[in-house]
Amino acid sequence: MPGSLRRQPANRVLVPQFTHHHVAVFLLTFFSYSLLHASRKTFSNVKVSISSQWTPSCLNDTALQLQPYELWNSSHLFPDIGEATLFLGTLDTIFLFSYAVGLFVSGIVGDRLNMRWVLSFGMCSSALVVFVFGTVSEWLHFYNKWFYCCLWIVNGLLQSTGWPCVVAVMGNWFGKAGRGFVFGLWSACASVGNILGAFLASSVLQYGYEYAFLVTASVQFAGGVIVFFGLVTSPKEVGLPEVGEEGDGGGAAEEDAREPLMGGNDSYDEDDQNYTIQAADPSSSPQPRAIGFFQACCLPGVILYSLAYACLKLVNYSFFFWLPFYLSSNFGWKEAEADKLSIWYDVGGIIGGTIQGLISDVLQKRAPVLAISLILAVGSLVGYSRSPNSKVINAVIMAITGFFIGGPSNMISSAISADLGRQEMVRGSSEALATVTGIVDGTGSIGAAVGQYLVSLIQENLGWMWVFYFFILMTSSTVLFITPLIVREISVLLGETPVRRSAG
Amino acid sequence: MAAPSRPGAPGLLLCLLGGAIAAAWGSAPPAPQICSGCCAGSVRNGSAVAGFCGARAGAGLLGRCCLERAAVVGLDLGNCSLSQLCPSFREASTAIVIDLTVNQLEPPPEDAFRGFTQLQTLALPVELDCPGGSNMWDNITTQGHIRICQGQRNPCNGSGGLGWLCPEDSLCAPDGPGLPQCLCVGPYHGYKCLRQGTFPYLLFYGTLGAVTIGLSILLWVTQRRKVKAS
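Just so you know, the protein sequences line up as chains A and B, in that order. Mind the numbering: the first sequence is residues 25 to 528 in this note's numbering, read in order. Mind the numbering: the second sequence is residues 125 to 354 in this note's numbering, read in order.
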């Protein structure tokens, strides 16, 4: 068979020969984002301690004031725990909005400056802000609502430098061929960060909540330093070939390396280009410099995927934020148990992201995989909303729901963002990656922020069942937004089949 | 600028030293305000305080007080025409015996005796009740115009006790007649007794610093050393 000789280099691309640089980059970016997420998780895990610190003791009646006054009642930022909790919820929303705004900006910045500097700066400066927020304010006993709000806005902006940079660096190193699987595995970093943050916070919380912030901030700062000394942002830097040329079929690379597919051939390669760049002709659109924000928005697929991700991240984040609360309020399970149980959603998401990424690698098409997964997600949402009062059954359905919702969500935010940012249209500059990632994730974060508000509103006025109907509506909207992309990819898939047959 | 300050410096130093010595020896022990500032005169002969002070070794009378190592152990404010307790009354929180008889006293505020944990004998005008209520004292007697409250009970014990009301990680402790307080127990400390132990700074930053430096060097050598400056 004449193709067998050619197939070898193609296989090399699909199961790429990873150098130690690849491993280092994978781990560095993975843990960078994990640490950023860990400090967010710390904040939600010390909420009880913080609201205690901000309020006076309230023993049911005022006649019996606890003495001595300094020990029990000297803190008056909020009159009671309820108002403190409300304020902490407001801080969450503020953070999500400023994070979303920051993502749009950071992506643009990341593409123009050295991403190693941007990521390192983002991690260290956000660590300092967290340190001031949680530790310094407590040491000085300086409690002020506006001070906290301002710091959290700044923290959201600084934290947002992380995601576009790490995705862009990963996109630089891991070619499109194996991207779905690698990114699926890699996008576990958020969940690992959650676990890490919960672990760090709980192990030092006994010394006071300020030490939970101190520890996560210090570790994050150290991470920033390590990134500064260790991260190689692109294979170019160490003289390795760029993956774009190697994996996606760039014009300059040798013919064998252009084939990204098992069983692929030259005629397929052209089809592949057609699907990615749509009508555009690669030779006619050379972009010498980093791409502008509006140019990035106009890249094919960016707006549709952004809107789809806004709907999907809304559902996904609502699960993160509200699942423990739902479990303890709907089934009457203890909060600690509900917290532990809700990890299964994460687990489902990690497995889902990895397996679906792998399938999409093999198919070389991501949109149909997303669509099928999301249609199944609607089914699993219906099933989950009718879950019986059994922890085992609930955990299983929860993991399945995580598999079908968290999986696509991880895929859009990482692998697809990288695909979009490195498509043929921007091949000339290849500096669109962070900007595109910022746009997709930023839109998603706005969706998530709005969602947090809507879920609490719907839940309060209409009940949990309507929250699930809302989730189903949002998941269906996601499918709607990616339908044009599916239609295009399916038609490409159908169009190429006869070509393949003739080749085989 | 330095020249004019030089001759002044030793003088200032002497001045400070003198002040410190005066504080330590000359006027030491500084007499509490309450002993003379509240009511002129001295402890009345034959009063409970005078008897108590005479029987106590190491204690001596000063103004209205019986002092032991600068601490007020007895206070006689009898016949002082007081209608309210003096602001400096808190200085007598170490007192064992207090006499407030022969005064037109208004009932004192609820926590006037906060911190008076040593108080064993309190003589009051008969119009006033013993602070904290009658079940906070072992023995209450009235002799003519005098009410004597004797033997302060622990407010944390018994039916009137509030010991069970103390939040987690704190225990009830007496803070005067009928006045309980909640203090952190064992390793707990800080606002609302939320904290426990001290943070191991050295261990944490030692480990973190070592790991950071180690990883930075390792990664620099293996990853970035080959990076060409562009």
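Treat the hints with care, since some could be wrong.
As the list claims (entries may be wrong) - For each label pair, taking beta carbons as the anchor points, the in silico distance ranges come out as:
#1 A:484 - B:295: 35 to 45 angstroms
#2 B:320 - A:160: 17 to 27 angstroms
#3 A:137 - B:352: 31 to 41 angstroms
As the list claims (entries may be wrong) - The calculated SDA-like cross-link candidates involving lysine to any residue, where the alpha carbons are at most 20 angstroms apart (straight line), are:
#4 A:415 - A:481
#5 B:352 - A:253
#6 B:350 - A:348
#7 B:350 - A:138
#8 A:71 - A:411
#9 B:350 - A:42
#10 A:169 - A:100
#11 B:350 - A:364
#12 A:358 - A:348
#13 A:260 - B:351
#14 A:71 - B:350
#15 B:352 - A:44
#16 A:358 - A:411
#17 B:352 - A:476
#18 B:352 - A:100
#19 A:71 - B:232
#20 A:71 - B:292
#21 B:352 - A:252
#22 B:352 - A:141
#23 A:260 - B:315
#24 B:350 - A:249
#25 A:71 - A:415
To be verified - Covered, in the sense of this in silico footprint (three residues per stretch, anywhere, with C-beta under 8 angstroms from a C-beta of chain B), are these stretches of chain A:
#26 42 to 52
#27 69 to 80
#28 91 to 100
#29 225 to 232
#30 239 to 247
#31 418 to 430
Quick caveat, the hints were computed from the structure, so don't treat them as lab data. Yeah, the Cβ is synthetic: ideal placement off N, Cα and C, and Gly gets one too.
Hints, one by one, checked against the model:
no.: 1; hint: A:484 - B:295: 35 to 45 angstroms; result: 41 angstroms, holds
no.: 2; hint: B:320 - A:160: 17 to 27 angstroms; result: 21 angstroms, holds
no.: 3; hint: A:137 - B:352: 31 to 41 angstroms; result: 19 angstroms, violated
no.: 4; hint: A:415 - A:481; result: 27 angstroms, violated
no.: 5; hint: B:352 - A:253; result: 14 angstroms, holds
no.: 6; hint: B:350 - A:348; result: 48 angstroms, violated
no.: 7; hint: B:350 - A:138; result: 17 angstroms, holds
no.: 8; hint: A:71 - A:411; result: 29 angstroms, violated
no.: 9; hint: B:350 - A:42; result: 17 angstroms, holds
no.: 10; hint: A:169 - A:100; result: 11 angstroms, holds
no.: 11; hint: B:350 - A:364; result: 45 angstroms, violated
no.: 12; hint: A:358 - A:348; result: 9 angstroms, holds
no.: 13; hint: A:260 - B:351; result: 9 angstroms, holds
no.: 14; hint: A:71 - B:350; result: 45 angstroms, violated
no.: 15; hint: B:352 - A:44; result: 18 angstroms, holds
no.: 16; hint: A:358 - A:411; result: 18 angstroms, holds
no.: 17; hint: B:352 - A:476; result: 47 angstroms, violated
no.: 18; hint: B:352 - A:100; result: 57 angstroms, violated
no.: 19; hint: A:71 - B:232; result: 42 angstroms, violated
no.: 20; hint: A:71 - B:292; result: 18 angstroms, holds
no.: 21; hint: B:352 - A:252; result: 16 angstroms, holds
no.: 22; hint: B:352 - A:141; result: 16 angstroms, holds
no.: 23; hint: A:260 - B:315; result: 55 angstroms, violated
no.: 24; hint: B:350 - A:249; result: 19 angstroms, holds
no.: 25; hint: A:71 - A:415; result: 26 angstroms, violated
no.: 26; hint: 42 to 52; result: holds (count 4)
no.: 27; hint: 69 to 80; result: holds (count 3)
no.: 28; hint: 91 to 100; result: holds (count 6)
no.: 29; hint: 225 to 232; result: holds (count 4)
no.: 30; hint: 239 to 247; result: holds (count 4)
no.: 31; hint: 418 to 430; result: violated (count 0)
Hints 3, 4, 6, 8, 11, 14, 17, 18, 19, 23, 25, 31 from the earlier list are contradicted by this structure; the remaining hints agree with it.
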